[in-house]
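Q: Below are the chains, spelled out letter by letter.
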Amino acid sequence: MIVPMSIRITEDEIDVTAETAALTRGRTDIGAVVAFTGICRDDEDGERIAALVLDHYPGMAETEIARHVEEAEARWPLLGVRIVHRVGRIKPGEVIVLAVTASAHRRAAFEAAEFLMDYLKTRAPFWKKVERAAGTSWIEARGEDDAAAARWRDRPKRDAAE
Amino acid sequence: MIVPMSIRITEDEIDVTAETAALTRGRTDIGAVVAFTGICRDDEDGERIAALVLDHYPGMAETEIARHVEEAEARWPLLGVRIVHRVGRIKPGEVIVLAVTASAHRRAAFEAAEFLMDYLKTRAPFWKKVERAAGTSWIEARGEDDAAAARWRDRPKRDAAE
Amino acid sequence: MKILYFAWIRERVGKAEEEIELPASVQTVGDLVQWLGGRGEQYAHAFENRQVVRAAIDRIHVRPEAKITGAREIALFPPMTGG
Amino acid sequence: MKILYFAWIRERVGKAEEEIELPASVQTVGDLVQWLGGRGEQYAHAFENRQVVRAAIDRIHVRPEAKITGAREIALFPPMTGG
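Residue numbers (my numbering), protein chains in the order written: chain A, 1 to 162; chain B, 1 to 162; chain C, 1 to 83; chain D, 1 to 83.
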């Protein structure tokens, strides 16, 4: 089955509603939708920030995300996936990333969304820089994100209840 | 900390956008939002359906959901929870339930949303009846939903990475 | 005692709620379900499979062995299928 | 060979990409990173901690021991922090 998949990288603000609606419009086979929204917080390690600036590797970012979406589709019975990642300067309260998964039942939608986010955090070529009053600095990768991504590696495929 | 919590049971169509926006509006401490949407499918066990009719126990439904939201807030560092459950006649494509969780980081938001849905499925006093061309019938509880809810029971509290 | 019924138990009993004077011998939820089952054809049908009947006393889930003393309302219903 | 830099590696090197003629001795990604580190102060600073440098050949993640023969573009960058 061809699963509708949309991957987009944009400098514009992300319209969560429109993106989510696009996945379910006119469909009556979808029973569960999980929408994860990653939002720019106003602090990083307890320090106030003015903005995040996201760098990315154009071309590789899209294909790397697509590879993981295909992997998710092989693991879970999905009916749709939509990922939008913002780049450029992002202010606190604005959406950085949106990952929406749709399936007939909830478990597949939940697991696929979490899987995609774990991989986006550690394998997709994006880098975050923090703007503070005192200057700018690059965010360091977190070991716990690697651990979160690693836990999917040893799991058999199609283990989610359909 | 007081976590904004909203629980609502309604006969009207659920506005996912407005509900989700209400949770994050004006906030810059939220880094992750997970919105689960349960949607009425047009088939049940391979048979075409015309609608679902949801019965519930007014009064108990709200308090039972509130109890589980409090449990979720004790387990994960949440910054907001919003649950809307529809009752009455629901047509294919329409939203049955919306559960939105917000936290500083993604793991807590994902786990809390999944926890709440597993409990809503098995402990909240709602009952689904299916309308088909051939007549109506009540949906039977699924053993896998009980299993899904049971897996949270043995987990220590506050085990999610913050 | 106020007794509420939901879903197909309500449909089989033929009413959503009723006020019933219970005999002293009915002490637990299990006793109540058994006693109701003896109240006529519709009740017998509603409670024919006691294993699947769930109960709440004053809006809190309870097991069949729960005492009903002091209860304001008792609800009887099939396994829940919300969400 | 086209070499791309991202994030703080780009800032330290002082450019986003460059075309470089590599000596025959540079056979793997690890060789490349070591060789680049010897190209002057800015490169030395960018590649001072080789453990944290990640690489992609033609937009696919590779390990330091990956051969660079036949590559069209090689990207060097710190661990990713997207999402």
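One or more hints might be untrue.
Said to hold, decoys possible - Sample of chain D residues lacking proximity to chain A, with all beta carbon distances greater than 12 Å (derived):
#1 A7
#2 I9
#3 E11
#4 Q27
#5 E41
#6 V52
#7 A66
#8 E73
#9 P79
What the hints assert, rightly or not - With a straight-line Cα cutoff of 25 Å, these simulated DSS-like cross-link-like pairs (lysine-lysine) come out:
#10 K67/C - K129/B
#11 K129/A - K67/D
#12 K15/D - K2/D
#13 K2/C - K15/C
#14 K91/A - K129/A
#15 K91/B - K129/B
Hints in this document: simulated from the structure, not taken from any laboratory. Note that the Cβ used here is the ideal one computed from N, Cα and C, for glycine as well.
Q: Is the Cα-Cα distance between K91/A and K129/A 25 Å or less?
A: The hint holds at about 12 Å.
Q: Given the proposed pairing of K2/C with K15/C, does the C-alpha separation stay at or below 25 Å?
A: The hint holds at about 12 Å.
Q: Find the nearest Cβ of chain A to the Cβ of P79/D and say whether that gap is larger than 12 Å.
A: The claim is violated: P79/D sits with its nearest Cβ about 3 Å from chain A, within 12 Å.
Q: Compare the distance between the alpha carbons of K91/B and K129/B with 25 Å, and conclude whether the hinted pair is satisfied.
A: Satisfied, since the Cα-Cα distance of roughly 12 Å is no more than 25 Å.
Q: When you check the alpha-carbon spacing of K129/A and K67/D, does it fall within 25 Å?
A: Distance ~31 Å between K129/A and K67/D Cα, so the pair is violated.
Q: Does K129/B lie within 25 Å of K67/C when you go C-alpha to C-alpha?
A: Distance of about 31 Å is beyond 25 Å: violated.
Q: Does K15/D pair with K2/D here, judged by a C-alpha cut-off of 25 Å?
A: Holds: K15/D and K2/D sit about 12 Å apart, inside 25 Å.
Q: Does the claim that A66/D lies off the interface hold, with its Cβ farther than 12 Å from every Cβ of chain A?
A: Holds, because the least Cβ-Cβ distance between A66/D and chain A comes to about 15 Å, which exceeds 12 Å.
Q: Just want to verify: E41/D was marked as not at the interface with chain A; is every Cβ pair farther apart than 12 Å?
A: Given a closest Cβ separation of 20 Å, the condition holds.
Q: Is it the case that Q27/D keeps its Cβ farther than 12 Å from each residue Cβ in chain A?
A: holds, 23 Å
Q: Quick check for students: does the CB of E73/D sit more than 12 Å from each CB in chain A?
A: violated, 9 Å
Q: Confirm or reject the statement that A7/D sits farther than 12 Å, beta carbon to beta carbon, from all of chain A.
A: Incorrect as stated: the minimum Cβ-Cβ distance to chain A is 4 Å, not above 12 Å.
Hints 1, 2, 3, 6, 8, 9, 10, 11 from the list above are not met by this structure, while the remaining hints are.
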